[in-house]
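Trainee: Residue numbers (the numbering used here), protein chains in the order written: chain P, 1 to 160; chain Y, 1 to 361; chain V, 1 to 374; chain S, 1 to 152.
Where hints are given, some of them may not hold.
[What the hints assert, rightly or not] Listed next, the stretches of chain P that the computed footprint assigns to chain Y, with coverage defined by at least 3 CB atoms under 8 angstroms from CB atoms of chain Y:
{"no.": "1", "stretch": "13–26"}
{"no.": "2", "stretch": "34–45"}
[As the list claims (entries may be wrong)] Here are the computed lysine to aspartate or glutamate pairs in the EDC-like style, where the Cα-Cα straight-line distance is at most 20 angstroms:
{"no.": "3", "chain 1": "P", "residue 1": "K34", "chain 2": "V", "residue 2": "E14"}
{"no.": "4", "chain 1": "P", "residue 1": "K150", "chain 2": "P", "residue 2": "D126"}
{"no.": "5", "chain 1": "P", "residue 1": "K98", "chain 2": "P", "residue 2": "E157"}
{"no.": "6", "chain 1": "V", "residue 1": "K354", "chain 2": "V", "residue 2": "E14"}
{"no.": "7", "chain 1": "S", "residue 1": "K41", "chain 2": "S", "residue 2": "E11"}
{"no.": "8", "chain 1": "P", "residue 1": "K27", "chain 2": "V", "residue 2": "E193"}
{"no.": "9", "chain 1": "V", "residue 1": "K329", "chain 2": "S", "residue 2": "E11"}
{"no.": "10", "chain 1": "Y", "residue 1": "K158", "chain 2": "V", "residue 2": "E144"}
{"no.": "11", "chain 1": "V", "residue 1": "K297", "chain 2": "P", "residue 2": "E77"}
{"no.": "12", "chain 1": "P", "residue 1": "K131", "chain 2": "P", "residue 2": "E57"}
{"no.": "13", "chain 1": "P", "residue 1": "K131", "chain 2": "P", "residue 2": "D63"}
{"no.": "14", "chain 1": "P", "residue 1": "K34", "chain 2": "V", "residue 2": "E148"}
{"no.": "15", "chain 1": "V", "residue 1": "K216", "chain 2": "S", "residue 2": "E105"}
{"no.": "16", "chain 1": "P", "residue 1": "K105", "chain 2": "P", "residue 2": "D126"}
{"no.": "17", "chain 1": "S", "residue 1": "K102", "chain 2": "V", "residue 2": "E144"}
{"no.": "18", "chain 1": "P", "residue 1": "K131", "chain 2": "V", "residue 2": "E148"}
{"no.": "19", "chain 1": "P", "residue 1": "K131", "chain 2": "V", "residue 2": "D171"}
{"no.": "20", "chain 1": "S", "residue 1": "K102", "chain 2": "S", "residue 2": "D51"}
{"no.": "21", "chain 1": "P", "residue 1": "K150", "chain 2": "P", "residue 2": "D96"}
{"no.": "22", "chain 1": "P", "residue 1": "K34", "chain 2": "V", "residue 2": "E144"}
{"no.": "23", "chain 1": "Y", "residue 1": "K158", "chain 2": "V", "residue 2": "E14"}
{"no.": "24", "chain 1": "V", "residue 1": "K58", "chain 2": "S", "residue 2": "D142"}
{"no.": "25", "chain 1": "P", "residue 1": "K105", "chain 2": "P", "residue 2": "E52"}
{"no.": "26", "chain 1": "S", "residue 1": "K141", "chain 2": "S", "residue 2": "D51"}
{"no.": "27", "chain 1": "V", "residue 1": "K93", "chain 2": "V", "residue 2": "E271"}
{"no.": "28", "chain 1": "S", "residue 1": "K43", "chain 2": "V", "residue 2": "E189"}
[As the list claims (entries may be wrong)] Just a sample of chain Y residues kept apart from chain V, beta carbon distances all over 12 angstroms, derived:
{"no.": "29", "residue": "L42"}
{"no.": "30", "residue": "T75"}
{"no.": "31", "residue": "Q77"}
{"no.": "32", "residue": "F79"}
{"no.": "33", "residue": "K84"}
{"no.": "34", "residue": "L87"}
{"no.": "35", "residue": "D97"}
{"no.": "36", "residue": "K98"}
{"no.": "37", "residue": "P123"}
{"no.": "38", "residue": "D129"}
{"no.": "39", "residue": "S195"}
{"no.": "40", "residue": "N295"}
None of these hints come from the bench; they were simulated from the model. Heads up, the beta-carbon is just placed ideally off N, CA and C, and yes, glycines get one too.
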Amino acid sequence: MRALIQYIKDVAQGFYSLSQGLLLTLKYFVRPWKHIVEQYPENRTTTIYIPEKFAGEVVLPHDENNRHKCTACTLCEMACPNGTIKIISATIEGEDGKKKKVLDKWVYNLGMCTMCGQCVDACPQDAITMKNSFELSVYNRNDLIKVLNKPGSKLKEKES
Amino acid sequence: MTLTIQFSDITKWIHETLNASMSPGWALFSEFVLAGVAMILLVVVLAVLFVYMERKVAGFMQLRLGPHRVGPWGTMQVFADVFKLLLKESFAPFTVDKFLFNFAPILVLAVAFMAMAPISFAPGLQLWDMNIGILYVTAVSSIGVIGILMAGWSSNNKYSLLGAMRSGAQIVSYELSAGLSLVAVIAMCGSLSISDIIASQADGWWIFKGHLPIMFAFVVYVIAGTAETNRAPFDLAEAESELTAGYHTEFSGMQFGMFYLTEYINMAVISMVATTVFLGGWLPFHIYGFDAFNNVMNFIPSWIWFFGKTFFIIFLMMWFRWTFPRLRIDQLLKLEWKYLLPLSIINVVIVAFLVVMGWHF
Amino acid sequence: MENLNTELPKEMTEEFVVNIGPQHPSTHGVLRLQATLDGETIKDLLPHLGYIHRGIEKMCESLGYKQFIYLTSRMDYLSAHINNQACSLAIEKGLQVEVPARAKAIRILMAELQRLTSHELWWGSCAMDLGAVTPFFLAFRDRERILEIFEENTGNRLTMNYITPGGVMTDINSDFVTRLKTLLVKIKEHLKEYETLITGNIIFQRRLKGVGVLPKELAISLGCTGPTARASGLSCDVRKYYPYDGYEKLDFKEIVADGCDSWSRYVVRMEEMRQSIHIIEQIIDNIPEGEYRAKLKGIVKLPVGEYYQRVETARGELGVYIVSDGGNKPYRLKLRAPNFSNLGALKPITVGSKIGDLMASMATIDLVIPDIDR
Amino acid sequence: MTKEELKTYLEQTFPQNKVEETFDFPLLYADKSELFIIAKKLKESPETLFDFLFCETAVDRTPNLEMVYHLNSTTHRHDMVLKVVLEDRENPEIHSVNELWKAAELYENEIYDMFGIRFTGHPNLRRIMLGDEWPGFPLRKDYKDDINIVTL
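Excised from the complex, chain P in its bound form:
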């Protein structure tokens, strides 16, 4: 007899548990405004939220006079675990006649970058930063290899 009561209890409990689940899904069914999806391609210019720190790609900021801070010391190239960065430096003659190493091309392969931030960390001049850009895909793999310093850009000397 006790077994029978227990059995009926179990069945009732089972049905109760199932109905609780059904109620939960019904609750979400009738409340569409609680939904969480983002209308992504439509909101790319309006409501999309990209945090400030989001690491999308490495950039070499230039100031208004087209000057950057990179001294071509290649510390970032050495710090990169993936061989993403290639620094091509050129030797030019300075005003005082001394030979000087300057940056020629800051080659960055976005396709190999894992956004670990080691290069930014290693840079003694704070010349490079991470930018929160997104939608960086391209049709041609060669387009992922970028030269970060703008043509004609120069080294920004320290003020001090």
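Position chains Y, V and S against the provided structure of chain P, taking the given hints into account.
Mentor: Relative to the frame of chain P, chains Y, V and S by itself:
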């Protein structure tokens, strides 16, 4: 009071015009063709609606929006999918049994269409009011499992075979309790004909008449019907996380589309039978003594009543699907053979006793 | 019923082999299980690995100590932060660097959040393996919010690259505490929904109870760790026994269950989510002020010797074994992956059960395939 | 037992073996032939009860290969390292510890795959990750592969 044209008038008019213009034999043939085309169109439109509904229901229950890009609110999405399936190659692997492989989806679909024949959508809108309507539906819909077994066997794929065997075991067992729960109502009203069953509910739907055994039979029928259509939580035949896609793993293009369509047509058949037998078919909802309310209910056309009830039961099945986890195969069979079937048999015995004693109304 | 097959003459029964994977919806990756089936019953199971073997150990031998950490994010990508933490701790052990208190607190916070995301993903995919799709979206809703916090504070969502030897890469944002607090309230609310939808569900319970039984002795012998072993009654929480980064100061319970079955594993993980929230709540209000990073030299060189550091990831004990020859690169780096050992438990617990049970066992052991292959 | 106690214990119990210590654990060197006996003793003697093999790996100390067993006791909660030096580089062979710790089955498969150390008494020795036709053993220091290994 009613301004609506009765469907029987339309059919009568068609019959008379055809007979006036051609010989009776040709007229009959044209009527068959017309009826067939109308039925196929109706079923396809219904299936498309169900697919759209399923996606929306699933989306809303999962905090999503469902399809919403193709057409307004995504209404064209289903058509886009159907056209995609139509344009795709129906690829058959090298080692399949070609004849069975190609025949299986056609058989499954044809059987699903056949089961629609005796169903009465509205007064007069019925293809064939045969005197064994319910028996015909249950009999025909059980042929579908042969198609599934054929698909699984001919695919020459172990997943397909396992899915087909599961499906066979499942459908064969769950048909028993589905049939027995229908027997409860049939015993009460004393007829297998669908129009008789509907007529017997003119003074109240069976489920609201207050017979406990009938209510129980309704619950059993919904459970068994869900299982018969291979839908979650009984979707073991195509259990995605276990057998990838079960019996239709190897099918592609429109052949897959046929299986997909069949699932929804089978759902429609199950819910239409449930509507007819338990929920009063196309009869409106009446409350005894409330004449004003009853008149308002009468004003709603009967086909809206019928499809409204059908959609409600289909919503129930979708609701189950998007809430519950799947059963294991032994639990599935245990549920049928150890719980539903004995209870259904006892239920039928009680109903028979009630009928013999004349205690029903 | 069970004896039916043995009574039949041998010629009438035939076992057949099914390859579950490499592409299969419930292996969650490219694992191939060669299953010998007798009807629905599994007779033998042989895992074939290496579909995503990248040779991380070999790659690490050619990278500097500061660089190789970020490769280990790609092992168990669901606890990438904790993997990085393990490597950092091993290097700090060799260098004898004291990590600032603020960095330790941030590390624990992030590690517990990572554990929370990992368990939430597991919850969703576990329910999906058993046929319920809706929980997956409910789980992703909360996981997404946590990932947003990661994104805001560390710059990345999955492989955060946040830990560096000596501390963390950047400081947390000023609104971190308030955002996390509002989030935790929500997550706790949603955990209750999880319970109603899945935990209480009778079908779900029947699918897991008594399925995939892993006795304690076997768990010890197979080297299982993490929730898998704790559900078998083996107390093995690294955070308790070999505390690191200040776990010894925190009050939390080690969840041990002795049901040994899939249901216990489920319960242990659900309870661990609550414990993670509890840990976060203890730290969140008193993150110490100060430096977030100890200064290290540009090129790190470990003294000659061997260093072994273990941490508790979401799936078990991750060991980092560094053999140093005094150079600027590790001479040999062995990563003791928790999933690799837990994989060994799959065969003994599933042989003799149905295919559906294999999915249940696999879902509750919670294998991450890149961690197995490395 | 603490690290120092365990070290003295090992020195007393295995007087002919070399006992050292690493940064974390006491370290016992065993000979190739007596590995299984020592491992069994460590596992079964009530003072040590090392029933949990949590890490088994090999290190290529050119020209030798070195097997490293990290052992833990789930009752006493102490750990130790057991090492075996294999001098035969061409055809290294050692007895499997699979009978003592079942975890070793997968670990030893991986070591066989990566270092080419063969384990006698292993129930199913196979190349678990790379496949049977892979040439060479990648984690050895003298492994050369121009296609698959990209150096920076």
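Trainee: Hints first: check each against the structure and report whether it holds.
Mentor: Cross-check of the supplied hints:
no., hint, in the structure
1, 13–26, "holds (count 6)"
2, 34–45, "holds (count 4)"
3, P:K34 <-> V:E14, "53 angstroms, violated"
4, P:K150 <-> P:D126, "17 angstroms, holds"
5, P:K98 <-> P:E157, "16 angstroms, holds"
6, V:K354 <-> V:E14, "16 angstroms, holds"
7, S:K41 <-> S:E11, "14 angstroms, holds"
8, P:K27 <-> V:E193, "11 angstroms, holds"
9, V:K329 <-> S:E11, "33 angstroms, violated"
10, Y:K158 <-> V:E144, "38 angstroms, violated"
11, V:K297 <-> P:E77, "17 angstroms, holds"
12, P:K131 <-> P:E57, "6 angstroms, holds"
13, P:K131 <-> P:D63, "15 angstroms, holds"
14, P:K34 <-> V:E148, "18 angstroms, holds"
15, V:K216 <-> S:E105, "18 angstroms, holds"
16, P:K105 <-> P:D126, "17 angstroms, holds"
17, S:K102 <-> V:E144, "39 angstroms, violated"
18, P:K131 <-> V:E148, "17 angstroms, holds"
19, P:K131 <-> V:D171, "17 angstroms, holds"
20, S:K102 <-> S:D51, "10 angstroms, holds"
21, P:K150 <-> P:D96, "25 angstroms, violated"
22, P:K34 <-> V:E144, "15 angstroms, holds"
23, Y:K158 <-> V:E14, "13 angstroms, holds"
24, V:K58 <-> S:D142, "12 angstroms, holds"
25, P:K105 <-> P:E52, "27 angstroms, violated"
26, S:K141 <-> S:D51, "32 angstroms, violated"
27, V:K93 <-> V:E271, "32 angstroms, violated"
28, S:K43 <-> V:E189, "47 angstroms, violated"
29, L42, "30 angstroms, holds"
30, T75, "23 angstroms, holds"
31, Q77, "18 angstroms, holds"
32, F79, "24 angstroms, holds"
33, K84, "22 angstroms, holds"
34, L87, "25 angstroms, holds"
35, D97, "18 angstroms, holds"
36, K98, "23 angstroms, holds"
37, P123, "40 angstroms, holds"
38, D129, "40 angstroms, holds"
39, S195, "39 angstroms, holds"
40, N295, "42 angstroms, holds"
Violation of the numbered hints given earlier is confined to hints 3, 9, 10, 17, 21, 25, 26, 27 and 28; the remaining hints are satisfied by the structure.
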